[in-house]
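Trainee: Each chain is listed here by its residues.
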Amino acid sequence: MGIEFSQLFPAIAGFTWQHFVMIAVGGILIYLAIAKEYEPTLLLPMGFGAILVNIPWSSALEIAGAHGIEPGVLQVFFNAGIMTEIFPLLIFIAIGAMIDFSPLFRNPFLLIFGAAAQFGIFATLILATLLGYDLKEAASIGIIGAADGPTSIFVSSLFAKNLMGPISVAAYSYMALVPIIQPPIIKALTTQSERKIRMNQFGDNNKKVSKVALILFPITVTIIAGLIAPVSLALIGFLMFGNLIRECGVLNKLSLAAQNELASLVTILLGITIASTMTAERFVTIDTVKIIGLGLIAFVFDTFGGVMCAKLINVFMPKGKKINPMIGACGISAFPMSARVVHTMGQKEDKQNFLLMPAISVNVGGQIGSVVAGGLILALIPLFA
Amino acid sequence: MEDTNHMNDTIQAVVTEAEAQVTVQQTSIEVQPKKKSQSENVTASIEVTGISMVAIFLFMFVFFLAIKALDRYFPGK
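First to last, the protein sequences are chains G and Y.
Anchor point for the first sequence: position 93 equals 93 in my numbering, and the numbering is continuous, going up by one each time.
Anchor point for the second sequence: position 66 equals 1066 in my numbering, and the numbering is continuous, going up by one each time.
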C-alpha cells in the first residue's frame, strides 16, 4: 500500500520517554489536586493540560490547516489571555473581591511583616543570578517567593515566557505545601518560650471598622501605588478594583460573581493555558529542577525574613509587649493557610494562646506586600537588565 | 544626453536609498542591547534587592499612615 506506520499513527510513532515523563507529571498534579486537595482549582487543569499537550501532534497546540500549521485552541488561549496579561489580571479582580482588609485596620502595625516576608523573593533573585540566569529570568523565578500564583504568572509572562510552566507549578505547589514547609523553619528559628508569647495585648480585635474607611482604602492604595510606581498599577489597581466591588455595598451580585464564577472560570482557563507551555521539550530540562529547588528556597527565606523581623522588633519592645515571632512567617500571601499554621503551632505550645486574629492581619498585609513586590520588580528590573 | 543624465540621477537615487538602508541596518544592530555577564547580573540583582526591600518597607509605612488617617477621620461606630 505504501502507507508507513508513522503516517498511520503519527502520535504513537512520535512518542518519546520525555512525553511519558510529562504525562506522568500531569498525572501527579491531578493526584495532588484530587487526593491531597492541593490547590485543586489550578493543579487539576494544569495536570490535564500537561497530558493534553504531551501527546505528539496534539491538535490542542497546533493544527495542520489549509494554510499550513495553525495555532490550536490552547495556543489561541495563550496568545489571547496570557500574552495580553488578561487572565492574571481578571484573577486579581477575583482575589481583590475575596480580601477583607478590616483585620489590617485593627492591627495596622503588623503591615511591617508583609514587607519583611518578601525577603525570599530577593534572596532567590540573587541565588538565581549566581546560578547563571539573566536578571529577567531570575526575577521571574524569585517571584515564586511572593507565594501568590497570579503575581508569579504575571511577572513571568512579561519577563520569561519560556520558564512560565515550571514557575507556575512551583508557585502553586508550594502555596499548597505551606503547612508542611513553614513549621520546621519556624521551629528552627524560635525558642519554645518565644512560641508561647501571647498577643492579647496587641491591637483591638473587636474594633469596628468604618465602611467609608474600607471603601476609601483601595482607592487610596491605588493612587499612592500609582504615583510612586505607575508600572505596578495594572497589578495593584485590579486587585483594589476587586476589593472596591466587595466593599462598596451596592454591587453584592458582582462581588459574589467575582469571588465565585469569575475566579473559577478564569482559573480553569489559566491552568489549562499555562499547561500549553509544559511540553516535553520545554519542561523536561535541568532548568525545571533548578526552578523547583529555587522556589522552595524562596519560601524558606520568606519565612526566615518574617520571623527574624519579629525577633528584631522584640529587641526594642518592653517586656509584656513582645510579639510572638511566629506571626512574622504569615507575611506571605498564602492566605489563610499561613495564619492557620501559626495559630495551630501556637496552640500546640499553649492551649490558651490564640494567635489567629493577629496572624490573619499579618497574612492580609502579606497579600498587599506580595503585589507591591511584584510591582517593584516590574518597575526596577527593566532599568537594570 | 538628457536620457543619460536622467539615468545617472535614478542610479544615484537608488544608491542613496541603498546606503540609507545599510545605515539603518547598522544602526539597528548597534542598538541591540549587550548581553550582561553573570557578575553584572549578580551585582544588578543585589542592587535591585536593596532598593526593593527599602521600597517595600516605605510602601507599607505609607499604607500604615493611610490606614491611621482613614481610621481617624472615619472611625467605626
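Since the hints were made in silico from the structure, they are not lab data.
Hints may contain errors.
Said to hold, decoys possible - List time: in silico SDA-like cross-link candidates among lysine to any residue, alpha-carbon distance up to 20 Å:
#1 G:Lys161 <-> G:Ile286
#2 Y:Lys1077 <-> G:Lys311
#3 Y:Lys1077 <-> G:Lys161
#4 Y:Lys1036 <-> G:Ile215
#5 Y:Lys1035 <-> G:Ile228
#6 G:Lys136 <-> Y:Thr1049
#7 G:Lys208 <-> Y:Ala1066
#8 G:Lys208 <-> Y:Ser1037
#9 G:Lys311 <-> Y:Lys1068
#10 G:Lys161 <-> G:Ile180
#11 G:Lys207 <-> Y:Phe1064
#12 Y:Lys1077 <-> G:Val212
#13 Y:Lys1068 <-> G:Leu216
#14 G:Lys290 <-> Y:Gln1038
#15 G:Lys208 <-> Y:Phe1064
#16 G:Lys136 <-> Y:Arg1072
#17 Y:Lys1036 <-> G:Asp134
#18 G:Lys211 <-> Y:Gln1038
#19 Y:Lys1035 <-> G:Lys207
#20 G:Lys187 <-> G:Ile286
#21 G:Lys321 <-> G:Met357
Trainee: Taking the hints in turn, state whether each one holds.
Mentor: Do the hints match the structure? See the list:
no., hint, result
1, G:Lys161 <-> G:Ile286, "holds (17 Å)"
2, Y:Lys1077 <-> G:Lys311, "violated (35 Å)"
3, Y:Lys1077 <-> G:Lys161, "violated (49 Å)"
4, Y:Lys1036 <-> G:Ile215, "violated (46 Å)"
5, Y:Lys1035 <-> G:Ile228, "violated (29 Å)"
6, G:Lys136 <-> Y:Thr1049, "holds (13 Å)"
7, G:Lys208 <-> Y:Ala1066, "holds (17 Å)"
8, G:Lys208 <-> Y:Ser1037, "violated (55 Å)"
9, G:Lys311 <-> Y:Lys1068, "violated (25 Å)"
10, G:Lys161 <-> G:Ile180, "violated (29 Å)"
11, G:Lys207 <-> Y:Phe1064, "holds (17 Å)"
12, Y:Lys1077 <-> G:Val212, "holds (11 Å)"
13, Y:Lys1068 <-> G:Leu216, "holds (12 Å)"
14, G:Lys290 <-> Y:Gln1038, "holds (17 Å)"
15, G:Lys208 <-> Y:Phe1064, "holds (18 Å)"
16, G:Lys136 <-> Y:Arg1072, "violated (42 Å)"
17, Y:Lys1036 <-> G:Asp134, "holds (8 Å)"
18, G:Lys211 <-> Y:Gln1038, "violated (51 Å)"
19, Y:Lys1035 <-> G:Lys207, "violated (55 Å)"
20, G:Lys187 <-> G:Ile286, "violated (32 Å)"
21, G:Lys321 <-> G:Met357, "holds (17 Å)"
In this structure, the earlier hints numbered 2, 3, 4, 5, 8, 9, 10, 16, 18, 19 and 20 are contradicted, and the remaining ones agree with it.
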